[in-house]
Amino acid sequence: MPEGPSVRKFQLLTSPFVGQVVVKVGGSSRKINVNDLNALRLQDSQVHGKNLYLAFVAAEGPLGPTAEETVLQKEASPPAQGGQEQVCAPYPQDEEVQEFQHSRSEGPDAAEGPGNWLRFHFGLFGSVRANEFSRANKANKRGDWKDPVPRLVLHFERGGFLVFYNCRMHWCSSPRADPASDILSVEFHRGQALDALCAPHPICYALLDQRYFSGLGNIIKNEVLYLAKIHPLTPGSLLALSDREHLLDCAVQFTSDWLHHKLLGQRLHPQIYQREQCPLGHPVMKATLGPPGGLKRLTWWCPQCQPVVLPGDGDASLVT
Numbered sequence: 044m045p046e047g048p049s050v051r052k053f054q055l056l057t058s059p060f061v062g063q064v065v066v067k068v069g070g071s072s073r074k075i076n077v078n079d080l081n082a083l084r085l086q087d088s089q090v091h092g093k094n095l096y097l098a099f100v101a102a103e104g105p106l107g108p109t110a111e112e113t114v115l116q117k118e119a120s121p122p123a124q125g126g127q128e129q130v131c132a133p134y135p136q137d138e139e140v141q142e143f144q145h146s147r148s149e150g151p152d153a154a155e156g157p158g159n160w161l162r163f164h165f166g167l168f169g170s171v172r173a174n175e176f177s178r179a180n181k182a183n184k185r186g187d188w189k190d191p192v193p194r195l196v197l198h199f200e201r202g203g204f205l206v207f208y209n210c211r212m213h214w215c216s217s218p219r220a221d222p223a224s225d226i227l228s229v230e231f232h233r234g235q236a237l238d239a240l241c242a243p244h245p246i247c248y249a250l251l252d253q254r255y256f257s258g259l260g261n262i263i264k265n266e267v268l269y270l271a272k273i274h275p276l277t278p279g280s281l282l283a284l285s286d287r288e289h290l291l292d293c294a295v296q297f298t299s300d301w302l303h304h305k306l307l308g309q310r311l312h313p314q315i316y317q318r319e320q321c322p323l324g325h326p327v328m329k330a331t332l333g334p335p336g337g338l339k340r341l342t343w344w345c346p347q348c349q350p351v352v353l354p355g356d357g358d359a360s361l362v363t
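Using our numbering, read the sequence shown as starting at 44 and increasing by one per residue.
Calculated from the structure, these hints are not laboratory results.
Everything numeric in this text was worked out from a predicted model, so none of it was measured.
In silico DSSO-like links for lysine-lysine, alpha-carbon gap of 27 angstroms or less:
(1) K329 to K339
(2) K339 to K272
(3) K52 to K74
(4) K52 to K189
(5) K329 to K272
(6) K52 to K305
(7) K181 to K305
(8) K189 to K74
(9) K272 to K305
(10) K189 to K67
(11) K52 to K67
(12) K52 to K181
I would like the entire structure built from these sequences, with the hints used as guidance.
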């Protein structure tokens with residue numbers, strides 16, 4: 044699934060369309076009625092962790108308040124009675140199936156005015172394209188050269204269009220999210236993140252906790268653990284503060300660099316993720332790691348560059 048840097052790039056692709064009216068829609072989504080987006084104006088575009096949010100308002104009349112003004116209005120207003128307002132909050136887990144279990148589709152309420160946000164959560168190979176469609180670059184298992192089918196296509200009044208692939212969409216009242224947990228945000232809270240890394244469970248579990256590392260996914264997890272020379276099953280409580288600080292520095296820097304390369308159109312060249320050897324030529328181990336009863340993710344590490352520091356045996360399920 045696309046991680047924080049990819050979704051940031053998606054948001055930048057949508058930004059030039061803010062202020063324009065949707066004049067034609069298409070797409071295969073069954074989670075929302077795509078026709079409800081017709082004649083609406085794209086008011087705002089935001090990204091929080093791995094989720095993209097687009098705000099739509101009625102085309103006639105003023106654009107309405109900015110995102111910042113909307114937040115201030117909500118903070119100044121008393122809580123909604125009876126739990127009527129639905130807010131899209133970030134998910135603590137990073138598994139598509141688990142996340143989508145909690146997603147509920149709703150039709151847009153045109154009478155609600157500003158604050159109609161459409162949340163996009165992208166699946167494997169999910170993407171956003173501006174003014175172009177994705178084309179097949181190889182045949183499928185049946186030998187057919189079929190282009191990917193978009194979930195949503197938005198044509199705008201000035202002639203441009205946006206295309207969304209392999210994503211789940213969900214209407215909500217606002218993209219409430221904590222920027223202190225977003226690893227690409229200038230408001231990212233290092234102290235909160237360091238505390239999360241000090242938990243007694245394996246460090247690879249903590250890095251994927253979206254409550255503290257929103258936008259950090261499996262690729263970033265593998266790469267930064269290798270850069271920091273930390274075994275993925277090392278309990279965070281066994282790491283010195285300096286080691287946790289170094290790991291956090293690696294995570295922030297790697298994520299920022301990945302975004303920078305994406306904006307330049309450059310591909311990521313992982314050092315450990317899906318590799319058979321590390322950059323020093325050592326054999327790489329691969330295992331499915333995750334908390335008991337929770338999400339298991341493929342993990343790669345170099346036993347020589349990332350020596351184990353466990354007090355006992357781990358519970359990794361090795362993949363051959």
